[in-house]
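S.K.: Chain residues, written in single-letter form:
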Amino acid sequence: MNLDALPTGRRARIIAVDWGILAPEEATRLRALGIDSGAEVEIAHRGVFAGKDPIALSVGRMTVAVRRSHARAMEVEELAEAAR
Amino acid sequence: MSGKRTAALVGNPNAGKSALFNALTGARQKIANYPGVTVERKAGRLVLPTGEPVELIDLPGSYGFDATSPDEEVTRKVIFGEFVGEAQPDVLIVVLDASNIEQHLVFAQEVLELGRPTVVALNMVDLAERDGLVIDPAALEQALGVPVIPTVAVRRRGLPELAQAIAAAEARAESDPKDHPRPHITLPERRLAANNIAKGAILSETRQHRLHARMDQVLLHPWLGPPILFALLFVIFQAVFAWATPFADALEGVVAWLSELVTQIIPAGFVQDLVVQGVLAGVGSVVVFLPQIVILFFFILVMEATGYMARAAFIMDRLMASVGLSGRSFIPLLSSFACAIPGIMATRSISDPKDRLTTILIAPLMTCSARLPVYAVIIGAFIPATTVGPGIGLQGLVLFGLYVAGIVGAMAAALVLRRSVTKGAASGFIMELPKYQLPRLSDLLIGLWQRAWVFLRRAGTIIFTVTVVLWVLLSFPKAGPGESQINASIAGKLASGVEVLVRPIGFNHEMALALVPAMAAREVAVSALATTYAIDASDEDAAASALEDRLGSRWTLPMALAFLAWFVFAPQCLSTIAVARRETNGWKWPAFMLAYLFGLAYIFAGLTFWTATALGL
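Protein sequences appear in the order of chains A and B.
Residues in the first sequence are numbered consecutively from 1, following the numbering used here.
Residues in the second sequence are numbered consecutively from 1, following the numbering used here.
Just so you know, these hints were derived from the structure itself, not from any lab.
Some hints here could point you the wrong way.
Subject to a maximum C-alpha distance of 27 Å in a straight line, what follows is the list of computed BS3-like cross-link-like pairs (lysine-lysine) [stated by the list, open to error]:
# : chain 1 : residue 1 : chain 2 : residue 2
1 : B       : K30       : B       : K4
2 : A       : K52       : B       : K423
3 : B       : K588      : B       : K354
4 : B       : K354      : B       : K77
5 : B       : K354      : A       : K52
6 : B       : K4        : B       : K42
What the simulated footprint calls covered on chain A by chain B, stretch by stretch (three residues with Cβ under 8 Å from a Cβ of chain B suffice, anywhere in the stretch; the number is not a length) [claimed, not checked]:
# : segment
7 : 23 to 34
8 : 67 to 77
Beta carbons are placed, not taken as given, at the ideal position from N, Cα and C, and that holds for glycine.
Take these sequences, add in the hints, and give me the full structure.
M.R.: Here is the structure:
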């Protein structure tokens, strides 16, 4: 499942990122913010207006806004409720 | 070692560096640009407990040394001592946000790897504790191998201890000037280490309902978020126009009083005319916008300090994306409603160069406060003060329409520019949404003072020069008997040339004449029209008080509407062009900006005139 398909409010772990389809500066910025393989994330908010873009990710103790196109480059596995 | 000692604050964006900087240096700050780049250099004086002063620099926030934005590039070069004309800081102060400790420890380790004399400020410990997170600074100190001082910049907690640690680090650096680099590790290793260090230093962590998460539930709500933002923007614009009036009137009074004073002190003649008609009238007409600019910036600073601005960018991102921009462009464009100059300067935070350039090019289309006097006079003269619905006046509606025309024009221009001259990959939007915080009054006041000072300095230099030049152009050569001074002057001759160009779109000689000095600043058009029609009048007092009546009898409605349409687009502001030149490092883009905006002004003024005439208005 890619991150964009993750329902709001569920936790998941990023297992792979297709860095090739992201611009190099954007890849650098995402990694600098800890959005990388192994990170646990949750979609906290989905955008307003049509398209539900951008999305607000909770990662670590931060909330980071990214576009859905970034989320689609990330493969995630959902974490069981008990792991929370 | 001799010479001036320097210390630099480094850290992630949102670490509270600026608040710490303000708390350490007070109002003793100097703001300038780093040579060659348009990144602000903030420096101030910090007196150490030893009595020795050091220069404290607030470096732009950065996530790491593999920089992506011009700001972060400056930070990297200064820390590495590679920035020409800037001494390598003797001591580095790494600022960590205690409430986001794992993330901030990543860059901290990268800085510590350099082996420079370093002190860590564990900032915002109160916010962390509010979130139920208690950190042991001693454990952190042991893990990092450098002094760690807990601070709360906004409450001035830990500041003497921090100054003490800076002094100690400096003393150590002096006795042992060599760097002691640590082994270089990769980003994933650093992140892993950061998590482990944090785990070892966190004393207790209770999972509380975090305040900011609850606020986001409302402020980023798909249905509530946008109305809240638009309501806030509405309040801001109301405040800008309603609250500023008494202050603007008072400033106008001061200018009038000064003119009176000068008239009495300096004997009539060239010098008196220059000071009263040139300097005071010209600079004064711009300085009266200071209250509006201060009020708008007050709201912008509050939005930034509370953390709401990033949410506004989040909400606006989708709309901006539809024209090829991102939510980051929202902040500069919002500033441009006060004045395009701070707006253009605020584009520095946009890392994508094409995005930034597009934002600079469309910023002058936002209806800045300098257009208001022009709009107000023309609307007052030609639009009847009738109502078109409950509580909706026709005049207000026209003014609103002009604002909308500017916004729509800007969006359309962005759409076209992004597909032609600033073509490139669609820009992304990656932005940290910082925690909500209560702003501190003194930080707001320092920020406001800095903005106001930049504006006044500009009024005192660029606008001063232009005004004096224009006054000379309008005053020479002296008119012969029976000839009007304005028609005889160099500016009047220029206007005749301009008139040939603008005749097809319905402009008469007086309108063409007003456009020439208005090149300096749009609002000058009003005073130019007033002067022109005043010279024609036999009774000057009556003329001055009745510019609107005079316009009503000399211009037709289509002409007036065309004049309004012209000012929606025309880039008549030398300061904006000068700032655009500085921010784009050359004349190419300001020249392009002039060409496309004058082109649009001409086309839309023409279309308005011809349509209105055809409709028989």
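S.K.: All hints, please: hold or fail.
M.R.: Hint check:
1. K30(B) to K4(B): 15 Å, holds
2. K52(A) to K423(B): Holds: K52(A) and K423(B) sit about 25 Å apart, inside 27 Å.
3. K588(B) to K354(B): 14 Å, holds
4. K354(B) to K77(B): Measuring from Cα to Cα gives roughly 23 Å; hence the hint holds.
5. K354(B) to K52(A): Holds - the C-alpha atoms of K52(A) and K354(B) are around 25 Å apart, at most 27 Å.
6. K4(B) to K42(B): 16 Å, holds
7. 23 to 34: Since 10 is at least three, the answer is holds.
8. 67 to 77: holds (count 3)
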